[in-house]
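Trainee: Protein chains in written order, with the working numbering: chain H, 13 to 318; chain G, 8 to 295.
Be aware that a few hints might be false.
[To be verified] Covered stretches of chain G (in silico footprint by chain H; criterion: 3 or more residues with CB under 8 Å from a CB of chain H, positions within the stretch not fixed):
1) 125 to 136
2) 243 to 252
[Said to hold, decoys possible] In silico SDA-like links for lysine to any residue, alpha-carbon gap of 20 Å or less:
3) H/221 / G/182
4) H/51 / H/303
5) H/221 / G/133
6) G/130 / H/51
7) H/209 / G/166
8) H/207 / G/24
9) G/16 / G/43
10) H/221 / G/98
11) H/209 / G/118
12) H/209 / H/189
13) H/37 / G/157
14) H/221 / G/43
15) G/185 / H/216
16) H/37 / G/119
17) G/102 / H/68
18) H/37 / G/142
19) H/221 / G/130
20) H/221 / G/16
21) G/263 / G/293
22) H/221 / G/160
23) G/102 / G/142
24) G/42 / G/246
25) G/102 / H/222
26) H/37 / G/160
27) G/130 / H/225
28) H/207 / H/227
29) G/102 / H/213
30) H/207 / G/119
31) H/221 / G/74
32) G/102 / G/129
33) H/221 / G/103
34) G/130 / H/303
35) H/37 / G/185
The set of hints was computed from the structure by calculation and includes no laboratory data.
Where a beta carbon is used, it is the ideal one built from N, C-alpha and C, also for glycine.
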Amino acid sequence: MPGLTGKDQVLTDYANKLAVLDAPKGRSLTQDALRRLSKNKAAVISIGIVVLIILVAFIGPYFVPWRYSEVDWTAIRKPPDFDKGHYLGTDQNGRDMLARVLQGTQMSLIVAGVATIVSVTIGVIYGAVSGYFGGRVDSLMMRFVDVMYALPYILFVIILVVMFGRNPVLLFVGIGAIEWLTMARIVRGQTLSIKEKEFIEAARASGAKPFAIIMRHIVPNLSGPVVIYATLTIPEIIIAESFLSYLGLGVQEPQTSLGTLISAGAPVAEVLPWMLMGPAAVLVTLLLCLTYIGDGLRDALDPKDR
Amino acid sequence: MTDREPILKVRDLSVEFTISSGGFFGGTKILRAVKNVSFDLYQGETLGIVGESGCGKSTLSRAIIRLLPATSGEAVWLGSDIQKMNSNELLGLRKDIQMIFQDPLASLNPRMTAGDIIAEPLKIHMPNVSKAERATRVAEMMQKVGLLPNMINKYPHEFSGGQCQRIGIARALITNPKLIICDEAVSALDVSIRAQVVNLLMDLQKELGISLLFISHDIAVVRHIAQRIMVLYFGEVVEIGEAEQVTMDPHHDYTKRLIASVPVPDPKVEMERREERRRLRKTAAAAA
Ligand SMILES: Nc1ncnc2c1ncn2[C@@H]1O[C@H](COP(=O)(O)OP(=O)(O)OP(=O)(O)O)[C@@H](O)[C@H]1O
Ligand SMILES: [Mg+2]
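Let's have the full structure, built from the sequences with the hints guiding it.
Mentor: Below is the structure:
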């Protein structure tokens with residue numbers, strides 16, 4: 013029976029309002045993983061360093077007195093000289109090494125970023141589709157991957173260079189398109205196990221279309237191996253780029269990349285050591301940090317700890 | 008009950024699986040998981056399906072909603088054969104028949120919040136409903152199944168098993184279905200929570216007038232919730248009838264054994280029943 017004052021009604025309304033207004037955010041599994049990652053010192057420091065390198069590579073050039081292609085005729089093959097603003101010395105053509113290292117880092121990062129995004133996107137979608145549909149679609153799609161695997165990588169790159177010419181970004185879109193093969197296999201394997209889960213059946217039973225199931229239910233649950241693999245693809249592509257530039261198939265003058273700089277510095281390392289030190293230090297730091305981040309992510313995403 | 012048209016008519020439904028016996032040259036074997044099953048289901052009624060593990064209960068329920076292809080026979084939903092439905096009719100079927108699954112946590116996408124999970128069927132079947140309207144409906148539904156609406160942004164792993172199953176029930180109810188298939192929906196829950204969820208289902212059914220296909224290997228729970236019971240044994244219907252009759256006066260030996268295996272919380276009665284079970288097994292062995 014309602015009270016005389018109607019306080020029941022008032023209280024119920026109030027309680028309902030409280031209940032609806034104040035809906036606290038839940039902790040998603042991603043947030044959990046990030047929290048674990050933030051406890052890993054090596055990974056946190058590595059992320060800090062990588063972010064710093066990215067910032068310096070993209071903002072730094074505006075604060076350096078020389079441009080990367082500008083020739084200082086008064087300073088050719090000179091060691092670091094603070095008065096003239098050549099903080100890392102100059103190369104054989106009188107170009108400022110610091111400016112060149114910054115530009116090279118920028119180029120390597122762009123190339124690695126583009127190639128990784130391309131390879132992850134293609135690999136995830138290809139693998140998820142193949143694994144989800146299964147049967148004949150799956151066999152066909154995976155046979156294609158096997159064939160692609162069998163083609164020698166370097167041959168493929170040479171064909172791409174011939175096709176795309178000397179446009180570095182386009183070239184590395186191509187490299188990313190080869191790197192997706194392993195990603196597709198990993199994702200397919202994961203999809204096979206995810207699609208047996210009850211929540212996929214629940215989605216099918218409530219009428220979700222295959223594409224919606226792949227995008228909403230399978231892809232978000234791939235996480236772990238995909239994130240780790242993506243992190244480790246970045247250094248792989250930086251190395252691949254360095255290797256190709258070393259062979260003269262990569263980035264073209266006056267633009268440069270870490271690999272190009274190292275290949276130019278290596279032969280003269282004894283007489284002009286500053287030409288090798290700068291780019292080598294950046295490359296080694298980047299690779300080490302990315303490896304640590306990959307390790308940290310692997311631990312953070314490891315389902316064992318949940 | 009017989010003067011009304013059933014909403015679901017199943018006639019001679021069979022499901023077969025082809026199993027390759029492994030190896031490159033290995034042949035294939037055919038496993039008949041469901042054999043010539045027939046039954047009717049009326050509006051507002053609960054039909055219990057019992058049988059031991061692996062007797063084809065899940066396979067039958069998946070064939071009814073065409074998650075699996077039936078090999079022969081037909082399942083007729085409101086007058087149209089499910090096997091022959093086009094994609095549009097199938098979408099309507101998926102709106103009318105919802106499922107509740109065995110594993111409460113595994114049946115919820117771990118990357119989605121409770122609110123998104125409950126709203127998903129709504130998004131699929133009523134895409135014109137505005138976001139605000141959807142949110143209110145989800146909140147209402149959460150209240151109806153006994154969840155606080157302010158848990159809407161939480162993720163499945165932050166809920167208990169019973170709460171997860173309530174999310175599953177809310178997801179099943181949000182499209183106003185006519186039939187809900189509960190496949191071992193309470194088997195994974197603790198006994199006390201099991202009773203709560205079963206009672207919730209019964210209340211909701213009374214309130215909304217929906218039909219239930221309640222699948223379980225536990226005849227005690229089925230007797231509590233169902234008006235009629237169908238007993239499956241190796242994919243075949245061995246007995247179907249009123250719950251009273253099937254549990255008190257079973258015709259088939261297998262049903263007798265199934266009922267005899269339910270433990271009773273009285274040591275003396277339990278002792279007698281153990282004797283009874285032993286005797287039944289012996290006669291079954293002698294008959295075989
Ligand atoms: N996809 C499949 N391929 C081959 N055989 C299957 C498949 N699904 C089920 N089976 C077989 O069909 C039979 C019936 O399985 P089903 O899952 O329907 O049993 P169930 O009654 O639901 O059992 P439980 O109580 O354990 O859930 C089992 O022998 C099972 O091995
Ligand atoms: Mg089952």
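Trainee: Please name the hints from earlier in the document that this structure breaks, with their numbers sorted from lowest to highest.
Mentor: Those not satisfied are hints 2, 6, 12, 14, 17, 20, 22, 34, 35.
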